[in-house]
Amino acid sequence: MPKLCIVLTCQVLLAIAGALGAAHAQETSANVRLLAAARAGDAAGVARALFDGATPNARNRVGETALVITLKNGQTDLARRMLDAGTDVNLAAVNGITPLMAAAHGGHVEMVRTLLAKDAEISAIDRLQKNAMTYAAGQGHAEIVLLLLRAGVDPNAVYAHSLTALMWAAGYGHTETVRSLLAAGARADLKDDRGKTAIDIAREGNFSETMKVLEAAMKSPVP
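Positions 11 to 233 (my numbering) are the ones given, in order, by the sequence shown.
Simulated from the structure, these hints should not be mistaken for laboratory data. Quick reminder that beta carbons are idealized off the backbone N, C-alpha and C, glycines included. Check each hint, because a few of them may be wrong.
[To be verified] Beta-carbon label-pair distances, calculated as ranges:
{"#": "1", "residue 1": "Arg58", "residue 2": "Ala226", "range": "17 to 27 Å"}
{"#": "2", "residue 1": "Arg71", "residue 2": "Asn100", "range": "44 to 54 Å"}
{"#": "3", "residue 1": "Ala53", "residue 2": "Lys229", "range": "47 to 57 Å"}
[Claimed, not checked] Heads up, simulated EDC-like pairs for lysine to aspartate or glutamate below, C-alpha to C-alpha not over 16 Å straight-line:
{"#": "4", "residue 1": "Lys222", "residue 2": "Asp164"}
{"#": "5", "residue 1": "Lys222", "residue 2": "Asp210"}
{"#": "6", "residue 1": "Lys222", "residue 2": "Asp199"}
{"#": "7", "residue 1": "Lys82", "residue 2": "Asp52"}
{"#": "8", "residue 1": "Lys82", "residue 2": "Asp129"}
{"#": "9", "residue 1": "Lys82", "residue 2": "Asp164"}
{"#": "10", "residue 1": "Lys229", "residue 2": "Asp210"}
{"#": "11", "residue 1": "Lys201", "residue 2": "Glu186"}
{"#": "12", "residue 1": "Lys229", "residue 2": "Asp202"}
{"#": "13", "residue 1": "Lys201", "residue 2": "Glu153"}
{"#": "14", "residue 1": "Lys128", "residue 2": "Asp164"}
{"#": "15", "residue 1": "Lys206", "residue 2": "Glu225"}
{"#": "16", "residue 1": "Lys229", "residue 2": "Glu214"}
The task is simple: from the sequences and hints, build the whole structure.
Shown next as structure tokens:
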């Protein structure tokens, strides 16, 4: 190959490498700006970062996407923006928290409905061995509990330490959630790994109204 051709080829390759490097740097910068804007609740900043080429599935150092960040912060409009941008609805953070778990914990009913419609995984478990149902039940978000039940969650599913959703709701005195679970077929006679039923757990917290509902359920158990 003539010397001039070799020189020109090297120059072309260097130019391509430089362009690729610049593009990568621009994308990385856009990703950083996207995550910062999501954390700050800056809708305009999120839009600019996406326009500049940010990856919707970009994650911070703990593995959270902008979708998870906005849901944890209760910024549902921004969360919808990230869904529209194509964020993976099942991409979990390092601790295992998924968008559905974040929405369930925060009580964001419409977001839970949207995520379920987009095939969010209902049985995913995080590092604390909790999932969307245990978060919703423990926070007393009865409507979200019902949505998860309709999506196929077993009302008598057993989680870490043999706890059920009913026990999680009872343990925090969420009477309406307890009623919803019982109506869906949750059993009040199941026991955790300490040998305690939901009513025992409610008693530990002195939740008298919840105890009354569970006592009535124990007298007329589900067949």
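Hint-by-hint comparison with the structure:
| no. | hint | in the structure |
| --- | --- | --- |
| 1 | Arg58 <-> Ala226: 17 to 27 Å | violated (56 Å) |
| 2 | Arg71 <-> Asn100: 44 to 54 Å | violated (20 Å) |
| 3 | Ala53 <-> Lys229: 47 to 57 Å | holds (53 Å) |
| 4 | Lys222 <-> Asp164 | violated (24 Å) |
| 5 | Lys222 <-> Asp210 | holds (12 Å) |
| 6 | Lys222 <-> Asp199 | holds (14 Å) |
| 7 | Lys82 <-> Asp52 | holds (15 Å) |
| 8 | Lys82 <-> Asp129 | violated (20 Å) |
| 9 | Lys82 <-> Asp164 | violated (25 Å) |
| 10 | Lys229 <-> Asp210 | holds (15 Å) |
| 11 | Lys201 <-> Glu186 | violated (21 Å) |
| 12 | Lys229 <-> Asp202 | violated (20 Å) |
| 13 | Lys201 <-> Glu153 | violated (25 Å) |
| 14 | Lys128 <-> Asp164 | violated (20 Å) |
| 15 | Lys206 <-> Glu225 | holds (14 Å) |
| 16 | Lys229 <-> Glu214 | violated (20 Å) |
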